[in-house]
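Protein chains in written order, with the working numbering: chain A, 444 to 754; chain B, -3 to 247; chain C, 92 to 187.
There are no misleading hints in this set.
Listed next, the in silico DSS-like pairs over lysine-lysine satisfying Cα-Cα at most 27 Å (straight line): (1) B/K156 to A/K748; (2) B/K114 to B/K180; (3) B/K156 to A/K730; (4) B/K204 to A/K749; (5) A/K685 to A/K623; (6) B/K209 to A/K748; (7) B/K176 to B/K111; (8) B/K127 to B/K114; (9) B/K204 to A/K748; (10) B/K(-2) to B/K176; (11) A/K749 to B/K206; (12) B/K156 to A/K749; (13) B/K127 to C/K108; (14) A/K750 to B/K206; (15) B/K196 to A/K749; (16) A/K748 to B/K196; (17) B/K124 to C/K108.
Hints are computed from structural coordinates only; laboratory data are not their basis.
Owing to the predicted nature of the structure, the values given are computational and were not obtained by experimental measurement.
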Amino acid sequence: MDTNQLEQNFDAKLARNESIEPKDWMPDNYRKHLIRQISQHAHSEIVGMLPEGNWITRAPSLRRKMVLLAKVQDEGGHGLYLYSAAETLNISREELIDQLLTGKAKYSSIFNYPSLTWADIGAIGWLVDGAAIMNQVMLQRTSYGPYARAMVRICKEESFHQRQGYEIMTVLAKGTAEQKAMAQDALNRWWWPSLMMFGPPDEKSPNTANAIKWKIKRETNDELRQKFVNQTFPQADIIGLKLPDPDLKWNESKGGFDFGTPNWEEFYNIIAGNGPCNKARISARTKAHNEGAWVREAANAYAEKKKAVLA
Amino acid sequence: MKNEGLFNYLLRLADTNLILGHRLSEWCGHAPYLEEDIAMANIALDMIGQANALFQYAAKTEAKGRTEDDLAYMRNEREFVNTLLSEQPNGDFAMTIVRQFLSDVFDFHFYESLKSSKDEMLSALAVKGHKEVTYHLRHTTAWMERLGDGTEESHSRLQKALNELWCYTDDLFELNEGDKRLVKEGIAVDPASIQNAWIKTVDDVLAKAKLVKPAGVWQQKGSREGIHSEHLGFLLAEMQHLHRAYPQAQW
Amino acid sequence: MAQDNQGMLWEVFIQTKPGQPHRHCGSVHGHDRELALQNARDVYTRRNEGTNLWVVPSNLIVASSPEDIGPFFEPANDKVYRHPTFYTIPEGITHM
Ligand SMILES: [Fe+2]
Ligand SMILES: [Fe+2]
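Model the full structure from these sequences, guided by the hints.
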């Protein structure tokens, strides 16, 4: 079959909403786009363990401690599922990790903000996981089979993440005056970064057009962002917290909220490595990777010695 | 207090589970590879879960209106009675594995014996704990063998960790006067009764891991009376500070 | 330092209830069989999902190719006589 024919078959499959599987022919750019997107997603899960992981040892009750540990552990699992999905595209986990540690691959800019107080753990679960879930629910129908299947599993696990965060915020908002202030402060700091999680506005998003064409993404950045604002407003309202946006108001004609513009200059700077925690995050990952090297070597040496594999 | 002995015994078990689970949870996000990150969190969750149940039971036994969180977050360094081994810092992965392994072997035989406690609640917790620790021990044993018989570096790191932690092993078997009474009543486990089993299991694994058992090591003791290494104070400061900073707060 | 080695890739199959077939649920890395099995347990059975696990080295799985769809599977399309609905039996007959 010539490339034209293959390409036509591929397009026809997408048109029929059939999933693309690892051994199927796919355009080179589709493969590249997927590797970039899936690995970026995987790295985000792994780096995302850090800001929340900071608070596991300080969680204020045994229940919160267990929940947070289980939650952060889940994020590690998500990274693992996604690395595996990327590996079906003929790239190894070793290469993927190398790309993260050398700065060749990106991860979600949100994890370069610091988690300063316990309320941040509430805000992250509620807003960051909330925004992530919105994206992930869409990706359950993404065109690449292994990615879609990883997403189905992830979405199932995510179901408690947002709730535990919102529960933390609810308890704080109904708690002492200091606790309520802590909750509002965390919301103020995490709100705009959460809106940025959906990516730049559609007209400035270089990859959106292809992602939609290939049915990797099924909704645009702006569509998802709008949905998120609409769904979050009442959640904040009901627990007596205020979204920190003076331009926020209901727009009857579009059946949704109008809202202000995130600081995109800050967004691009964080992506460029200038966020408050970029260096700390990558150095934490690098340290874990380097300090674990002798362990992985030992496991490998033992396996070689014992020929345990298929002995 | 009528049940002071039992209360105090429960704290020993709860504190050890909490402190060791807490130590393991410090690894979250920093393990040698992703699968191990998840594995260590599983063990930590089992241990903190066990601590939670034991604290609840202790609070009920004490019957002074304290909760599991009061017991975990509002007691001071000298009131904690966890084992010295459990509070030792994570160090490198070899230190963590040796610490966990030595403790798992103890718990494995301890829970086995505690299953026949005359205290129904303790016996039920032991059944659960024994299942959990059976897996923990399988995991740490696998790592003892692999690190011990892996590379030269891993072997020497593991041997070094074993040498450093060996001085805390007798402390695992300590008991106080209250514990002794509970042993007589068939409620508590006499640690002396599981010591041979502990030694045998440890020896078997050390042999497979090609490690030399440290000999003639002066043993540190005192945790049963709340005498700790300096590490515990820092651990508690970190663990308890938020809870204590807002004494009126619910979380 | 030797080249980084994250362990081999294994495919994980999980049985969710006794008597049920094992189903593919994902992959894990592991340097040998025991670690792969333990890793599968730690990663894929945290929510009470399992009663039994298989792990299989990914590179040992033999898979058919997309090009095989025609020759492999389409010839079965017209073998309607393999299905019970192909046969006519008198009305009122049950247990068949
Ligand atoms: Fe996640
Ligand atoms: Fe999540």
